[in-house]
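Student: The primary structure of each chain is shown beneath.
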Amino acid sequence: MAIGFLGRTIFYEGGGPVNSFLELFHITPPGWLSDPMWARITTMITDVWEWTPLVFIIALAGLQGLPQDVLEASHVDGAGWWASLRYVTLPLMAPILWLILLLRAVDAFKVFDLVVAMTLGGPGQATRYYSYFNYLTARKFFFYGEAAAQAFLLLFIVLVLVSLLWGRIRHIYEEAQGVAS
Amino acid sequence: MTARSETFDLKKAVGSILAFVVIALFIVWTLFPIYWAAISSVKSPTANYGNLWLPWVHFQPTLKPWQDMFALPEVVSATRNSIIIAVGAATTSLILGTLAAYGITRFHFFRPQKRKSHHLVPVATHRAAGDLCDAVLPDHAVVRIAG
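Line by line, the protein sequences are chains A and B. Per our numbering, the very first residue in the first sequence carries number 1; after that it's consecutive. Per our numbering, the very first residue in the second sequence carries number 1001; after that it's consecutive.
Rather than coming from a laboratory, the hints here were simulated on the basis of the structure. Mixed in with the good hints, there may be bad ones.
To be verified - In silico contact screen, one side only, chain A against chain B (beta carbon under 7 Å); selected entries: (1) Met44; (2) Asp47; (3) Val48; (4) Val55; (5) Phe112; (6) Gln125; (7) Tyr130; (8) Ala151; (9) Leu155; (10) Phe156; (11) Leu159.
What the hints assert, rightly or not - If you anchor each label on the Cβ, the simulated ranges turn out as follows: (12) B:Lys1064 - A:His26: 55 to 65 Å; (13) A:Thr9 - B:Pro1073: 32 to 42 Å; (14) B:Phe1070 - A:Leu161: 16 to 26 Å.
What the hints assert, rightly or not - Here are the simulated DSS-like cross-link-like pairs (lysine-lysine), alpha carbons at most 27 Å apart as the crow flies: (15) A:Lys110 - B:Lys1011; (16) A:Lys140 - B:Lys1064; (17) A:Lys110 - A:Lys140.
These numbers come from a predicted model, not from an experiment. The beta carbon of each residue, even a glycine, is placed where N, CA and C say it ideally should be.
Use the sequences and the hints to build the structure in full.
Tutor: Structure representation (structure tokens):
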């Protein structure tokens, strides 16, 4: 919620810091929160800004937990940094990266507070994301039955998303187990 | 000997009954909101107001809310909007966060007195920004806009 307000003030179109900065270079700023496409991008930027540190922490933990002997072996075999990144680090990190993607996708799918603080679903219906629409159905239009049905539909969508990505992660784990044994 | 084993059994029985009650309470506590959402989704609009919580006894279940929901075009557009932000935000933050983490582990930056404190800088901004805004922002502004 607070991050949403922060985003709203930073991207404020009547002289916010981002617009003031762009005007220094005589760039006409886009309608950050008033253009349908840019409103989506702005909420996305704010969400990315809020949650990238979490991704960073998980990725850092994963990278620091990688077996060093494999990396050293690749260096001994004459692999450069790109080859060791592409063929050693990335395959070893794949399950963690997919897990991060899963967590972030599920979380971003049901974004609510940013929309409430920044755009209230507008302009038009451009940023009316699922959770916010669900809230509107129940609390503004008072269709509680439909809102409950929507919540179950959301549960179903998220379950499908999770099972797809989780299947992918399991596949990678099993492949890694097969290589190890 | 018999008496002792009987008292022991009694204790065990009381213990298992207590455990059963606690678990049952916990299950009710956990699942009741889901049950409430489920019955709300099969109530007619008028039945949603009032203390009606047993289908076929207190109210007649109907599938009309589900049909109405699928008839709304906004459901599709809201799902599409959410998919756009889910894919976009997840991919972008994954790329940025992983690049930052790779940079930290792969290259050696300046570390004052060999302390690894710079690992905490992104976390600090992540946490501090929210707390700072919570401190600065008047609550009534939040409530007014969210209301």
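Student: Hint by hint, say whether it matches the structure.
Tutor: Each hint tested on the structure:
Taking 7 Å as the C-beta contact cut-off toward chain B, the hint placing Met44 of chain A at the interface holds, the least distance being around 5 Å. Using the Cβ-Cβ criterion of 7 Å, the hint placing Asp47 of chain A at the interface with chain B is satisfied: the shortest such distance is roughly 4 Å. A hinted interface residue such as Val48 of chain A counts as satisfied when its beta carbon comes closer than 7 Å to some beta carbon of chain B; here the least separation is about 5 Å, so the hint holds. Contact between Val55 of chain A and chain B, as hinted, is supported at the beta carbon level, the nearest pair being about 3 Å apart and thus within 7 Å.
Look at Phe112 of chain A: its Cβ only gets to about 10 Å from chain B, farther than 7 Å, so that hint breaks. Taking 7 Å as the C-beta cut-off, the interface hint given for Gln125 of chain A holds, the closest approach to chain B being about 6 Å. Because the closest C-beta pair between Tyr130 of chain A and chain B is about 4 Å apart, less than 7 Å, the hint holds. Contact between Ala151 of chain A and chain B, as hinted, is supported at the beta carbon level, the nearest pair being about 6 Å apart and thus within 7 Å.
Because the beta carbon of Leu155 of chain A sits about 9 Å from the nearest beta carbon in chain B, more than 7 Å, this interface hint is broken. The interface hint given for Phe156 of chain A is broken, as the beta carbon of that residue sits about 11 Å from the closest beta carbon of chain B, more than 7 Å. Using the Cβ-Cβ criterion of 7 Å, the hint placing Leu159 of chain A at the interface with chain B is not satisfied: the shortest such distance is roughly 13 Å. Range check, Lys1064 of chain B to His26 of chain A: Cβ separation about 57 Å, and the 55 to 65 Å hint holds.
At roughly 33 Å, the beta-carbon separation of Thr9 of chain A and Pro1073 of chain B lies within the given 32 to 42 Å, and the hint holds. For the hinted restraint 16 to 26 Å between Phe1070 of chain B and Leu161 of chain A, the CB-CB distance of approximately 20 Å keeps it satisfied. For the given pair, Lys110 of chain A sits about 48 Å from Lys1011 of chain B by alpha-carbon distance, which is inconsistent with the 27 Å threshold. In summary, the hint linking Lys140 of chain A to Lys1064 of chain B is supported, as the alpha carbons are separated by about 20 Å, within the 27 Å threshold.
Straight-line distance between C-alpha atoms of Lys110 of chain A and Lys140 of chain A comes to about 19 Å, which keeps the hinted pair within the 27 Å bound.
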